[in-house]
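S.K.: Chains as they are written, first to last, in our numbering: chain A, 1 to 312; chain B, 1 to 141.
Please keep in mind that the hints were generated in silico from the structure rather than gathered at the bench.
Be aware that one or more of the hints could be misleading.
[Said to hold, decoys possible] Computed footprint of chain A on chain B; a stretch qualifies when at least three of its residues, placed anywhere within it, have a C-beta under 8 Å from a C-beta of chain A:
id: 1; stretch: 28 to 41
id: 2; stretch: 60 to 73
id: 3; stretch: 82 to 91
id: 4; stretch: 96 to 106
id: 5; stretch: 119 to 130
Beta carbons: idealized from backbone N, C-alpha and C, even for Gly.
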Amino acid sequence: MLFAGGQGGASSLALLSQASAAIATGLIDYALIVAADTPVIERSGHSSPSYVRDFELPFGVMGPNSMIAPLMRRHMHEYGTTLDHFGKIAVAARYHASLNPDAYFRQPITLDDYKASPLIADPVKLLDCVMPVNGGRAFVVASAAEAKRRAKPPVYLAGIGEFNNSSYGPRSRPNPLVTGIADAGRIAMRRAGVSHGDIDFLQLYDDYIIVALMQIEDLGFCAKGDAAFFERTDFTIHGELPIQTGGGMLNCGQPTTAGGMLHLIEAVRQLRGDGGGRQVPRASIGLVTGLGGIPYARNLNSAACAVLSKEI
Amino acid sequence: MMSDILEKPLPRIDSVTHPFWEATASDRLVMQRCAACGSFVWTPRPACNECGSDSLVWTTLGGRGTIFSYTIIRRVRGLGSRAFEPEIPYAVIWVDLEEGPRMISNLVGDTHDRVAIGQQVRVVFEAAPGGIKLPKFALAR
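Chain B extracted, bound-state conformation:
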């Protein structure tokens, strides 16, 4: 089957994003924060998208959050997507992190039937090829 040979897309690590992926590789969740106005900046950028300052500091986050919304993916289309077919159905969640920013990720484990808005979650780091770890979330106890 075609899907057997397809690989899931991986992030391309570049000069802006490498501190993020270096942190996740050692099981830490970090995010840029603006030294000028205090805003969190997500996804990573060269400058603050609130005030324009380029004084951004990578800040470690606690990795706890609440599900703001979610979807259960049941169909995929397009070549890059077929590698996810074996995972269907799976949950894509929007997590409001305790520190404020909202992140898109997945709920891990066979938990798609228990996902709900308001659920507490905590970050886990899932190994992917090439030494990359993807920040995902598990239901908090």
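Bound-form chain A, shown alone:
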């Protein structure tokens, strides 16, 4: 069977969902999920969706930076979120990248480095953004019985949820500060039968710091705009809620759609105990997210969330 991902950064998890359904029904024994792209080239004849061509580009809306920046600005306005809160995530992710030999950006940063990084589209700064890179990744899915016979210990899919084309509020004026992870995460956690306290780490889709921050809220680890939570929580592997344990896409780069697979692969490594210097102690359950597509004046279009487990 051939599956094709069409949900941008949520594609890897959406394909995992389809592959596991096909394996469970006996249609296939194994699935090889591959993602690769080469965004770092000069493109010609690149075509945009009509709403981008007609109602974004003529107004100098320059792709994701200028679509995500108003979300970050509004989050700061509505909840009093500060650069300290965003910066804390940037510093934690970079710290983990410094422990990951496969990351691109490995030099640790401070909160001041984050705050001093150049503005791209206020309030989005260089260190808020993911870097496009060329690259590819792959993983194999099989039934539990098959997987157990292989050399490497398997990691189990405990629950998965998808939520596409979300709009929180009227479509002509939705609340853009909620990601579809609010629903995809709830579905995945319910199917896995886990609650927040069971989860040992998060691998959040992180094309921007603000996108990672909104997902922590939307997953229900804190209320929307809970500044005190972001101030007291240690997001490193030594803390109570480790995130982006390999540095995330922010530090490993984004080969467009293939970027979203990074988080799944890092979760598998952690649950196998292959995390090396960045291993989360006693990691047995991890949560992975994917988000894709930036529609007009809304949050991201496609959301998927998976709960992975070391044991069945």
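Following the hints, complete the assembly by docking chain B onto the known chain A.
M.R.: For chain B alone, kept in the frame of chain A given last:
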């Protein structure tokens, strides 16, 4: 310089969007509204994205609104973007129109240092090549 010969991208006017651009050419802001469920539909579509009805009626709007959020563009990349380099820094704003829908546009004039959430704005129509006028916004008095 390369940017001297680059032109800003323009909307391509098609069977769905032409009433919008005909209206802006005569300084009117219009938007589709669903005759079945009353929802505004933006950006233009063949059918309502709330209820699926294809009974959409172009409705004239007052052109007044409030800034919901914004960004100041300070860097551009990519061929299609370099035509905007002379404008940097410029404001991209999300405007909540009085009638309800939210629109992405620009704040005109040398006002990027005065942009703020909650500012009142009114639509202005900025001439572009080919007889097209782009709906932009100015700070309201």
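S.K.: When I compare C-beta atoms, does the stretch 82 to 91 of chain B have three or more residues closer than 8 Å to chain A?
M.R.: holds (count 3)
S.K.: State whether the coverage of the stretch 60 to 73 of chain B by chain A holds or is violated, taking the criterion as 3 or more residues with Cβ-Cβ distances under 8 Å.
M.R.: holds (count 6)
S.K.: Taking a Cβ-to-Cβ distance below 8 Å as contact, does the stretch 28 to 41 of chain B have at least three residues touching chain A?
M.R.: n = 3 at 8 Å, threshold three: holds.
S.K.: Would you check chain A against the stretch 119 to 130 of chain B, counting CB to CB pairs closer than 8 Å, and say if three or more residues qualify?
M.R.: Violated, because only 1 residues of the stretch 119 to 130 of chain B bring their Cβ atoms closer than 8 Å to Cβ atoms of chain A.
S.K.: Is the coverage entry for the stretch 96 to 106 of chain B by chain A consistent with the three-residue Cβ rule at 8 Å?
M.R.: Contact hint for the stretch 96 to 106 of chain B vs chain A: holds, 8 residues under 8 Å.
Hint violations for this structure: number 5 only, all remaining hints satisfied.
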